[in-house]
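First to last, the sequence lines map onto chains A and B.
Residues 1 to 114 (our numbering) make up the first sequence, in order.
Residues 1001 to 1114 (our numbering) make up the second sequence, in order.
Because the hints were derived from the structure by calculation, they are not lab data.
Any given hint might turn out to be false.
[Said to hold, decoys possible] To give an idea of the chain B side of the interface with chain A (calculated C-beta under 10 Å), a few residues: (1) 1002; (2) 1004; (3) 1006; (4) 1007; (5) 1033; (6) 1037; (7) 1045; (8) 1046; (9) 1056; (10) 1080; (11) 1093; (12) 1101; (13) 1102; (14) 1105; (15) 1108.
[Said to hold, decoys possible] With a cut-off of at most 20 Å between alpha-carbon atoms, the simulated DMTMM-like pairs for lysine to aspartate or glutamate come out as follows: (16) B/1057 x A/88; (17) B/1042 x B/1085; (18) B/1078 x B/1096; (19) B/1083 x B/1001; (20) A/69 x A/95; (21) B/1042 x A/88.
[Said to hold, decoys possible] Which stretches of chain A does chain B cover? Using the computed rule of at least three CB atoms under 8 Å from a CB of chain B, they are: (22) 21-27; (23) 84-91; (24) 108-114.
Please read these numbers as outputs of a predicted model, since none were measured by experiment.
Beta carbons are placed, not taken as given, at the ideal position from N, Cα and C, and that holds for glycine.
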Amino acid sequence: AQSVTQLGSHVSVSEGALVLLRCNYSSSVPPYLFWYVQYPNQGLQLLLKYTSAATLVKGINGFEAEFKKSETSFHLTKPSAHMSDAAEYFCAVTDPGSARQLTFGSGTQLTVLP
Amino acid sequence: EPEVTQTPSHQVTQMGQEVILRCVPISNHLYFYWYRQILGQKVEFLVSFYNNEISEKSEIFDDQFSVERPDGSNFTLKIRSTKLEDSAMYFCASTDLTVQETQYFGPGTRLLVL
Chain A
1 AQSVTQLGSH VSVSEGALVL LRCNYSSSVP PYLFWYVQYP NQGLQLLLKY TSAATLVKGI
61 NGFEAEFKKS ETSFHLTKPS AHMSDAAEYF CAVTDPGSAR QLTFGSGTQL TVLP
Chain B
1001 EPEVTQTPSH QVTQMGQEVI LRCVPISNHL YFYWYRQILG QKVEFLVSFY NNEISEKSEI
1061 FDDQFSVERP DGSNFTLKIR STKLEDSAMY FCASTDLTVQ ETQYFGPGTR LLVL
């Protein structure tokens, strides 16, 4: 069975500071990994995805994530936080090649302080 | 850009009543999903649907739930006899394997059972 652990349910950073949101996964097969963002009262928007190509993945809004198999991690980073980045971020995992369900982490609420 | 749409955006119902949540997936997508998010909790998989039948379902998706693709565009989730604990945000998603299993989510329907 797959699982995702997001360390830190709440993260606060100052505007302009580095954003680091942690995600560790457990999977019996090489997974596909995703980061989704949820703004208040909105749906889930795909930020970026890892699908077994480059291990460093760039997404929208300046975010990127690095797949590290040895650490079973897929942490999300952004060099400089913006106020508009305040949202909830979800890491998710799925088995490749099967259109199977996404298994989500519990989410990290990012607050950006002025 | 094509997107998944869901109606209604909000629904309030009395316990024991039937509700139908509607989704219009992206037009060329073949796999459809329902997820739910109870307030403050993680996003949970309910069911996936392909070729007019259920592909996978979770333990949550018991006999009170059903899904249907009544025509070429709509995908519905029916809850036969709602319970208080069914109150949640329900998300529809769709994917086409040619986009490497990226699931595109709708904006959600917030269901409140009184």
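Status of each hint after checking the structure:
no., hint, verdict
1, 1002, "13 Å, violated"
2, 1004, "8 Å, holds"
3, 1006, "8 Å, holds"
4, 1007, "13 Å, violated"
5, 1033, "7 Å, holds"
6, 1037, "9 Å, holds"
7, 1045, "4 Å, holds"
8, 1046, "9 Å, holds"
9, 1056, "6 Å, holds"
10, 1080, "23 Å, violated"
11, 1093, "8 Å, holds"
12, 1101, "6 Å, holds"
13, 1102, "6 Å, holds"
14, 1105, "4 Å, holds"
15, 1108, "5 Å, holds"
16, B/1057 x A/88, "26 Å, violated"
17, B/1042 x B/1085, "15 Å, holds"
18, B/1078 x B/1096, "24 Å, violated"
19, B/1083 x B/1001, "36 Å, violated"
20, A/69 x A/95, "15 Å, holds"
21, B/1042 x A/88, "11 Å, holds"
22, 21-27, "violated (count 0)"
23, 84-91, "violated (count 1)"
24, 108-114, "violated (count 0)"
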